[in-house]
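Sequences listed follow chains A and B, in order.
According to the numbering used here, the first sequence is numbered sequentially starting from 56.
According to the numbering used here, the second sequence is numbered sequentially starting from 17.
A hint or two may mislead.
Capping the alpha-carbon separation at 25 Å, the derived lysine to aspartate or glutamate pairs in DMTMM-like fashion look like this [to be verified]: (1) A/162 x A/112; (2) A/120 x B/168; (3) A/58 x B/43; (4) B/187 x A/79; (5) A/72 x B/43; (6) A/73 x A/102; (7) A/73 x A/137.
Residues of chain B placed beyond 12 Å of chain A at every Cβ, according to the derived structure [what the hints assert, rightly or not]: (8) 23; (9) 31; (10) 61; (11) 103; (12) 110; (13) 177; (14) 193; (15) 194.
Label-pair ranges, simulated between beta-carbon atoms [to be verified]: (16) A/70 x B/36: 48 to 58 Å; (17) B/152 x A/115: 31 to 41 Å; (18) A/70 x B/163: 23 to 33 Å; (19) A/174 x B/110: 36 to 46 Å; (20) B/49 x A/81: 30 to 40 Å; (21) A/81 x B/144: 15 to 25 Å; (22) A/152 x B/150: 40 to 50 Å; (23) B/99 x A/69: 41 to 51 Å; (24) B/39 x A/57: 29 to 39 Å; (25) B/161 x A/83: 34 to 44 Å.
Derived from the structure by calculation, the hints contain no laboratory data.
We put the CB at the ideal spot given by N, CA and C, even for glycine.
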Amino acid sequence: MAKMSLEELRKLRDEQKKSLSHRDVENKEIQIIVGMGTCGIAAGAKETLNAFIEELDENELKTVKVTQTGCMGLCYVEPTVEVVMPDMPDVIYGKVDPETAQKIVRKHIMGKSLVNDHVFDRPAADIVDTGANGGAK
Amino acid sequence: MHRTICDFTLDIIHNAIEAGSSLILVDFIESRDELKVFVADNGLGMSEERLREVRDPFSTDGTKHQDRKVGLGLAFTSQAVEMAGGDFEIDSRPDHGNSVMIRFPLAHIDTPPIGELAETLLAAFSYPGDFEMVVNRRLPDSGGEYSLVRSELAEALGGFETSGALRLLRKYLDSQEILAVPANKEGSV
């Protein structure tokens, strides 16, 4: 692998955009949010984020939104990942190592069924509402 | 506790982002004997009192977790550096920003592995927010070096949000890292 220039990167991205199919446009609605707080980093969230990117690429899913957020309050089950997509409930998965990230792409995103062993549903109550009075108790 | 020096680095970069910085400068300098990481930002900065508190793992500014009393990032870092006989310096001025330096002697048995820099930079560059970040990677012994500018990468990729753009960013970062990086970059001892 040779060192890539910014110009080459731009060209690859343009080519990728030109090759987008109808299915790719529909997939824009899918969002994966990886918790990247101190607890997430300590539990391997960087590896999880990278595993999602690789697995989505393997399966030709080029338009899925992959974003990061801070701690979701579920520090005991890090790395945590929220998946939001049409036809499925919003789910927060816990203990998402690279292998589980693969399963989430194949089962949840492509197969539209839950990866049951890792569902942790919603963020902890003291994190959900960060309103002026200190949030929900 | 973090496993790699890259984990500590990402944590310090997150602190800079969360401090509302518009500019973050990162130097990652790896020689045969030591690894130095500098992170400087122009964010909120800290008072002298706050600066003393941040090494306490049970100290936090309270904005993220109102009912929890943990703020582990810098406490982890200073503890790991101390164990490995390295240096940890933090300089801060309220409303001007922070600058943090960590140095690990690579031969010390308690120095953590360096970790995967490309993976770490992918997470750092694509973290949401409107900030500029410049990363300088230097390997003085081999003469290898490269610089990365977040706004240039964002412009080339049309943003960092989609899986396709992030895959290309990873390829780009990997291609920068091939220069002169020793084969055993995970095992630094």
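**Request:** Just tell me: holds or violated, for the beta carbon distance of residue 161 of chain B and residue 83 of chain A against 34 to 44 Å?
**Result:** Roughly 38 Å apart at Cβ, these two residues keep to the hinted range, so it holds.
**Item:** residue 61 of chain B and chain A, when compared Cβ to Cβ, separated by more than 12 Å
**Value:** Holds, since 20 Å exceeds 12 Å.
**Request:** Take a quick look at whether residue 58 of chain A and residue 43 of chain B sit within 25 Å of each other, Cα to Cα.
**Result:** holds (20 Å)
**Request:** With a cut-off of 25 Å on the C-alpha distance, tell me whether residue 73 of chain A and residue 102 of chain A pass.
**Result:** violated (29 Å)
**Request:** With 12 Å as the threshold, tell me whether residue 193 of chain B passes as away from chain A on beta-carbon distances.
**Result:** Non-interface label on residue 193 of chain B violated, nearest chain A Cβ at 9 Å vs cutoff 12 Å.
**Message:** Verify this label for me: residue 103 of chain B is non-interface relative to chain A, using a Cβ-Cβ cutoff of 12 Å.
**Reply:** holds (21 Å)
**Prompt:** Do the Cβ positions of residue 152 of chain B and residue 115 of chain A conform to the proposed distance bound of 31 to 41 Å?
**Reply:** Between residue 152 of chain B and residue 115 of chain A, where Cβ atoms are some 35 Å apart, the hint holds.
**Item:** residue 57 of chain A and residue 39 of chain B - C-beta distance against the hinted 29 to 39 Å
**Value:** The hinted range 29 to 39 Å holds for residue 39 of chain B and residue 57 of chain A, with Cβ atoms some 31 Å apart.
**Asked** Is 30 to 40 Å right for how far apart the beta carbons of residue 49 of chain B and residue 81 of chain A are?
**Response** Hint violated: Cβ distance 53 Å, outside 30 to 40 Å.
**Asked** Between residue 162 of chain A and residue 112 of chain A, does the CA-CA distance stay at or below 25 Å?
**Response** holds (15 Å)
**Request:** Decide, holds or violated, for the assertion that all CB atoms of chain A are farther than 12 Å from the CB of residue 31 of chain B.
**Result:** violated (9 Å)
**Request:** Using the beta carbons of residue 99 of chain B and residue 69 of chain A, state whether their distance is inside 41 to 51 Å or not.
**Result:** For residue 99 of chain B and residue 69 of chain A the Cβ distance comes to about 48 Å; the hint holds.
Comparing the model with each earlier hint shows violations of hints 5, 6, 7, 8, 9, 13, 14, 15, 16, 20, 22; every other hint is respected.
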